[in-house]
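> Below, each chain spelled out in residue letters.
Protein chains: 4
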Amino acid sequence: MHFGYDDRTEELRGQLNAFMDEFVYPAEPVFEQQLAEGDPWSPPPVVAELKAEARKRGLWNFFLPGEHGAGLTNLQYAPLAEITGRSPHLAPTAINCAAPDTGNMEVLSMFGSEQQRKQWLTPLLEGEIRSAFAMTEPDVASSDARNIATRIERDGGDYVINGKKWFISGAMNPHCRIFIVMGKTDPDGEPHRQQSMILVPRDTPGMTIKRGMHVFGYTDGDHGGHAEIEFDDVRVPAENLIGEEGGGFAVAQARLGPGRIHHCMRLIGMAERAIELMCKRAVSRTAFGKPIAQQGVVQDWIAESRVRVEQLRLLVLKTAWLMDTVGNQGAHTEIQSIKIATPIQVEWILDKAIQAHGAGGVSQDTPLAGLWAHARTLRLADGPDEVHKRSLARRELAKYPR
Amino acid sequence: MHFGYDDRTEELRGQLNAFMDEFVYPAEPVFEQQLAEGDPWSPPPVVAELKAEARKRGLWNFFLPGEHGAGLTNLQYAPLAEITGRSPHLAPTAINCAAPDTGNMEVLSMFGSEQQRKQWLTPLLEGEIRSAFAMTEPDVASSDARNIATRIERDGGDYVINGKKWFISGAMNPHCRIFIVMGKTDPDGEPHRQQSMILVPRDTPGMTIKRGMHVFGYTDGDHGGHAEIEFDDVRVPAENLIGEEGGGFAVAQARLGPGRIHHCMRLIGMAERAIELMCKRAVSRTAFGKPIAQQGVVQDWIAESRVRVEQLRLLVLKTAWLMDTVGNQGAHTEIQSIKIATPIQVEWILDKAIQAHGAGGVSQDTPLAGLWAHARTLRLADGPDEVHKRSLARRELAKYPR
Amino acid sequence: MHFGYDDRTEELRGQLNAFMDEFVYPAEPVFEQQLAEGDPWSPPPVVAELKAEARKRGLWNFFLPGEHGAGLTNLQYAPLAEITGRSPHLAPTAINCAAPDTGNMEVLSMFGSEQQRKQWLTPLLEGEIRSAFAMTEPDVASSDARNIATRIERDGGDYVINGKKWFISGAMNPHCRIFIVMGKTDPDGEPHRQQSMILVPRDTPGMTIKRGMHVFGYTDGDHGGHAEIEFDDVRVPAENLIGEEGGGFAVAQARLGPGRIHHCMRLIGMAERAIELMCKRAVSRTAFGKPIAQQGVVQDWIAESRVRVEQLRLLVLKTAWLMDTVGNQGAHTEIQSIKIATPIQVEWILDKAIQAHGAGGVSQDTPLAGLWAHARTLRLADGPDEVHKRSLARRELAKYPR
Amino acid sequence: MHFGYDDRTEELRGQLNAFMDEFVYPAEPVFEQQLAEGDPWSPPPVVAELKAEARKRGLWNFFLPGEHGAGLTNLQYAPLAEITGRSPHLAPTAINCAAPDTGNMEVLSMFGSEQQRKQWLTPLLEGEIRSAFAMTEPDVASSDARNIATRIERDGGDYVINGKKWFISGAMNPHCRIFIVMGKTDPDGEPHRQQSMILVPRDTPGMTIKRGMHVFGYTDGDHGGHAEIEFDDVRVPAENLIGEEGGGFAVAQARLGPGRIHHCMRLIGMAERAIELMCKRAVSRTAFGKPIAQQGVVQDWIAESRVRVEQLRLLVLKTAWLMDTVGNQGAHTEIQSIKIATPIQVEWILDKAIQAHGAGGVSQDTPLAGLWAHARTLRLADGPDEVHKRSLARRELAKYPR
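Protein sequence lines correspond, in order, to chains A, B, C and D. Residue numbering for the first sequence follows UniProt numbering, beginning at 1 and increasing consecutively. Residue numbering for the second sequence follows UniProt numbering, beginning at 1 and increasing consecutively. Residue numbering for the third sequence follows UniProt numbering, beginning at 1 and increasing consecutively. Residue numbering for the fourth sequence follows UniProt numbering, beginning at 1 and increasing consecutively.
Excised from the complex, chain A in its bound form:
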């Protein structure tokens, strides 16, 4: 267990923090204003400016190990992702490390054919296009991929897709050009070999974006929203299949580990932002004749928040270190642990920061309410907490055979 920040990490942290201070935080009010006035489903123009600046500075594709990306380990990326979590609407996109593109690039990088990589991975890595990942379905408990109902059927040189997806993040962004769709090619096969993933370009006939799903009152339009999509005899060439038929479950598993840890890293940053805002509010707001920083209950919130976030960060770092050293499979329990612990604890911290802000805390005047909605949703995304706890408990119990 060696998970300090090495020199490379410290250097990048310095550069990233400088970028945050000089460009990202000042862009936040601009972003809010442009958002209120512009296209409801696209990132406001300031985001493109931030991307250009970040790229110029070499702050780019940190998430991707190996030759296609920045070549960082998970442990090196973790503290950088944390920093971007402090401004989650701007910073991850600015440095081309935003979900779901990150996971999609990983998939293409690991499993894509040369042609697929050239056509889709390259422009994604360049930040020229965006992408979506269509797995979740409204009618089944699709956190278990075996329940997927969407069909992908071979028909001559094509595959034909039929089914219904929802909460497909980013799909309504016109820059989102490519969809990775999960479906069943062999519904009667062995449970973990029934699924395949396939590439569906935007505007393919038969694919209808029906509406944007809300998250509490937010549309998340700047991220392209969360779409409900119908696939009605959508036909794509057979070479759009990613990897081999029946490989979808394995690809999904490979994709989820990094996705989960990235979310948790950023949540740590959100928590730090919340603590900072809570403290600033506490020292500046007066009630009953003294700053609320002197109220015992507020102090209790701050201390608890600090103690909780320290524990979460260590667990996330250990998980990153394990993924680097023994692989995602070996870090399975830890990945599940951070997925269970982080969203709900950060939600708690955000709740307290909101409460310290009074009515302003639930409004658009601080980022807190929006961050809260995001943290809350992560208790459900990629499978509800309860599913992960059940699975983790069963592994713990398996140590004690009757």
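Treat the hints as calculated values from the structure; they're not laboratory data. Mixed in with the good hints there might be a few duds.
Unchecked claim - 27 Å max Cα-Cα, derived BS3-like pairs, lysine-lysine:
{"no.": "1", "chain 1": "C", "residue 1": "Lys-399", "chain 2": "B", "residue 2": "Lys-280"}
{"no.": "2", "chain 1": "A", "residue 1": "Lys-290", "chain 2": "C", "residue 2": "Lys-290"}
{"no.": "3", "chain 1": "B", "residue 1": "Lys-118", "chain 2": "B", "residue 2": "Lys-51"}
{"no.": "4", "chain 1": "D", "residue 1": "Lys-280", "chain 2": "C", "residue 2": "Lys-210"}
{"no.": "5", "chain 1": "D", "residue 1": "Lys-210", "chain 2": "C", "residue 2": "Lys-280"}
{"no.": "6", "chain 1": "A", "residue 1": "Lys-164", "chain 2": "B", "residue 2": "Lys-290"}
{"no.": "7", "chain 1": "B", "residue 1": "Lys-280", "chain 2": "B", "residue 2": "Lys-290"}
{"no.": "8", "chain 1": "D", "residue 1": "Lys-56", "chain 2": "C", "residue 2": "Lys-164"}
{"no.": "9", "chain 1": "D", "residue 1": "Lys-118", "chain 2": "D", "residue 2": "Lys-56"}
{"no.": "10", "chain 1": "B", "residue 1": "Lys-210", "chain 2": "B", "residue 2": "Lys-164"}
{"no.": "11", "chain 1": "A", "residue 1": "Lys-290", "chain 2": "B", "residue 2": "Lys-164"}
{"no.": "12", "chain 1": "C", "residue 1": "Lys-164", "chain 2": "D", "residue 2": "Lys-164"}
{"no.": "13", "chain 1": "D", "residue 1": "Lys-164", "chain 2": "C", "residue 2": "Lys-290"}
{"no.": "14", "chain 1": "B", "residue 1": "Lys-118", "chain 2": "B", "residue 2": "Lys-56"}
{"no.": "15", "chain 1": "C", "residue 1": "Lys-280", "chain 2": "D", "residue 2": "Lys-164"}
{"no.": "16", "chain 1": "B", "residue 1": "Lys-290", "chain 2": "C", "residue 2": "Lys-399"}
{"no.": "17", "chain 1": "A", "residue 1": "Lys-290", "chain 2": "D", "residue 2": "Lys-399"}
{"no.": "18", "chain 1": "D", "residue 1": "Lys-399", "chain 2": "A", "residue 2": "Lys-280"}
{"no.": "19", "chain 1": "B", "residue 1": "Lys-399", "chain 2": "C", "residue 2": "Lys-51"}
{"no.": "20", "chain 1": "A", "residue 1": "Lys-210", "chain 2": "A", "residue 2": "Lys-164"}
{"no.": "21", "chain 1": "A", "residue 1": "Lys-210", "chain 2": "B", "residue 2": "Lys-280"}
{"no.": "22", "chain 1": "A", "residue 1": "Lys-280", "chain 2": "A", "residue 2": "Lys-290"}
{"no.": "23", "chain 1": "A", "residue 1": "Lys-280", "chain 2": "B", "residue 2": "Lys-164"}
{"no.": "24", "chain 1": "D", "residue 1": "Lys-290", "chain 2": "D", "residue 2": "Lys-280"}
{"no.": "25", "chain 1": "D", "residue 1": "Lys-290", "chain 2": "B", "residue 2": "Lys-290"}
{"no.": "26", "chain 1": "D", "residue 1": "Lys-290", "chain 2": "A", "residue 2": "Lys-399"}
{"no.": "27", "chain 1": "C", "residue 1": "Lys-56", "chain 2": "C", "residue 2": "Lys-118"}
{"no.": "28", "chain 1": "C", "residue 1": "Lys-164", "chain 2": "C", "residue 2": "Lys-210"}
{"no.": "29", "chain 1": "A", "residue 1": "Lys-118", "chain 2": "A", "residue 2": "Lys-56"}
{"no.": "30", "chain 1": "C", "residue 1": "Lys-210", "chain 2": "C", "residue 2": "Lys-118"}
{"no.": "31", "chain 1": "B", "residue 1": "Lys-210", "chain 2": "A", "residue 2": "Lys-280"}
{"no.": "32", "chain 1": "C", "residue 1": "Lys-280", "chain 2": "B", "residue 2": "Lys-399"}
{"no.": "33", "chain 1": "A", "residue 1": "Lys-164", "chain 2": "B", "residue 2": "Lys-280"}
{"no.": "34", "chain 1": "A", "residue 1": "Lys-399", "chain 2": "D", "residue 2": "Lys-280"}
We have chain A; now place chains B, C and D onto it with these hints.
Below, chains B, C and D without anything else, positioned relative to chain A:
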């Protein structure tokens, strides 16, 4: 402690439930659709239809005791308000029992001059206009009325108002014709005699509605939103003052008790709706080969929810009975108790109902996320929980003099 | 729902409170001292003195409705039981309302033969002897009576008992003269008709009291402890059977309802005692230059405690009223609800009162730690909370058939 | 942040685990039996046997860095202390790493004169005698050393001690030969220079052990209990002073850091023991026709426990690493954090393990109830959680000057 439902209450409950079943619940999807398409700051047309139907049926002004209203006691009104809480965007407005009109009508009924009652109370009781209550301020802890910074200064036959308010619910609804504004007429007077309330008609020069405050992404546009308002030399005739100069604090106190219990009554109804939705989801959704109703964790949520809501209802009913028998002052501790207990417990129940729904739970496809945001906000409205706990504890401690 | 305190109740409350003030509270330190010095498994002598005084004053057998007892309703008894909960080692025994005698007297009163009532009920009602109820078994989940493993077999004019019981409260008190033992007379019968109850006098050959079970270090010796008992061919005459063969399950059900509500009533009193002690400590203990009563966190505990106990009391009173008006069966959900809610909430209140007392709070210098251990144990006694929640949830879910 | 286990640590872990398996766990039932039969204030004979065996194996004085002890770093000791926490009545004493001796040896090692070290440190290091640390007082909030009321007055060549202490662990063990007493030599001096520490041998005239304080129902007699002690003109030679006059506060601070982390390390081990027992119970106990390991609620407890204990361990390891690398002062926030987080979380885990065991969980048949009482008490020992949270919050807030 006798707080069963008497015959009159049971009769009205029957009538109100019939109205809910026949008209309100079926109107919910219509409301959502009209909302998405229409004026962002007005109730959709279906609300006016519901009002007409409710009025025709005599389901009207239940909240107001005495001759001006339906003449019900708090104890009689409580179970009716609970029922309306099951569809809080539609039902309270439909029967003309929606905040902040209810509190404003109470104020006018108790403290308004004959002229004020004629001009504003009558059309409010008829449901012809809406109103707002401008007390909360962005820059001070205005849950303590002594902190109010807005100035109301006498100038000849007029009063001139300067200050800033926010979270003024309903203000952006064009039907909102009258504002009750709280400010200081005598900033150097005795702390509880510095404040006055005054009537400011919509479109009075100098009053600028700057923007709508959001609540977890929601604008609550159908209720006229929550406005930030600037008062810049707003001039109204002296007879617009409600009651006497320096009486504002007392009026605010008189207004808050019923306001708080109404909120809590409706929260009980929201909790019941949440339990109903959670159960329906649990019996119909399958995961791991069986309905999630058979999952122990889901059963735990349902049992806890039922046990908590039963306790809350009894405390609310006791409070209503006390207000009826010993007056709002005598029910002070209980009013504070329900304000402390109800929003946070109902928030918990809503959270579990959301979790049981998976991703759909945070979306617009169930009322749960919106109800959650409302319950969460009530932990801050009318003073954060912490202020009420502090006050209640001090009274408890005062029983034990050193 | 009418559950105020009627005149009879108020009169008895006055008398009981006077008895508490004059005799019970002053006896507490005497009790502690005698306990440290005397027989480890008997109530100290001061208890007998209190019993004599209580009886003289007519404060006796309040728990028992009907002609054999004081003839109070559950609703009348509830506030009296609450008062006794304030000094639970002394007061319930003093007025002959202590478990498990109460339940045993109910059983004998309802189901006992004339002979059984004469021999055992009469001296119990007189407070001359004590009794035990042997149901719980170490090796099975005996909160479900269908799991009972103890055998009761007919052999000529006798029954022969074999099995193992534990946590049999009061058994080691030499005044405990009679045991009601639950076992199976017909293990192959219909699940709810397999069990019978039978009377076993102390010192019947074959019954061995093996040891006293501890509860968080406490032996509860003043109550006769909690025994582990072996029954090895214990032979009693056939007329010792209570009611009919196969009636044991029904008798157990009849016994549990009142038992649970009595526990909850007393828990309310314990919570009130805890709040009182917490407040007294808070106003008298200084830290950081001021009484800890001025610490926001301590105020938060006090307010939460008050708000929670008010809700619990109302739910308990409603349950009592329901039992009086629609019977124990009709109050099933409410009895389960108070069993779920009361111990865990009172445990929370006691924990906070302990914390406010510092190290002294965990010691013998306040009653708090002992009360805590009792409340904690009630989350397990008569079936763990989880079993009751599961059952309650299933009834709630049954309202929504697929 | 490098806190893996190095080779030396792994080697010692192997040896210590072997010792636990071969000697300690098998000794637990022996210990319980000897305890029930022997001297109520001494460790049962089996403890001395374990000590002899441990010493023979070189498993000894791990806690003490530097030449006097085993020379381990905090980071090396942490995982060993964790292992001893699995059997906290036996293992820490067996390897001569039990509080309060550990802290006392540290004090003597760092601040003792040559004579003091020879007379007291040597036999303590040899495990020949035990010791006590007399700081806590009943009448003041003595977690703040500035409140200490005990007086230490110079009188010629002696010091004379007057005052009252309580919860002095180990004091009633006849093997406890030496007391380190904290008191004020200069009550009018600078607040942090008023206190001194002084050595008081057992049986010094004027020192009266009045009684043993209980912890819930436990006397902790095997550890020598927790004494209330009166010092009435207790006279010791001036050379018994530890360090210099006025140095008591600094010595106390130096002592507390390691003491706190040792407690937390052992708590981690207790949590692991609890999880193990909970799992074993879950797979072996049947209710409703299946092992309770299949109950969702039980799985939830197990998963939560695992996730929490992983976070706690990492925070404790980081703290140990910091103490080793930047010193106790530099690890101040982390020491406070583990003190805040560990006892309450481990208490939660123990509570769930108890609940999974049913009635047996609160009894002497598992170590769980005793461990619970210990964890609960650590929320108060060395200052209640609230004091530490307040202090930590103030440092966090100090980052944001107005």
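> Of all the hints numbered above, which does this structure not satisfy? Sort the numbers upward.
8, 12, 19, 30
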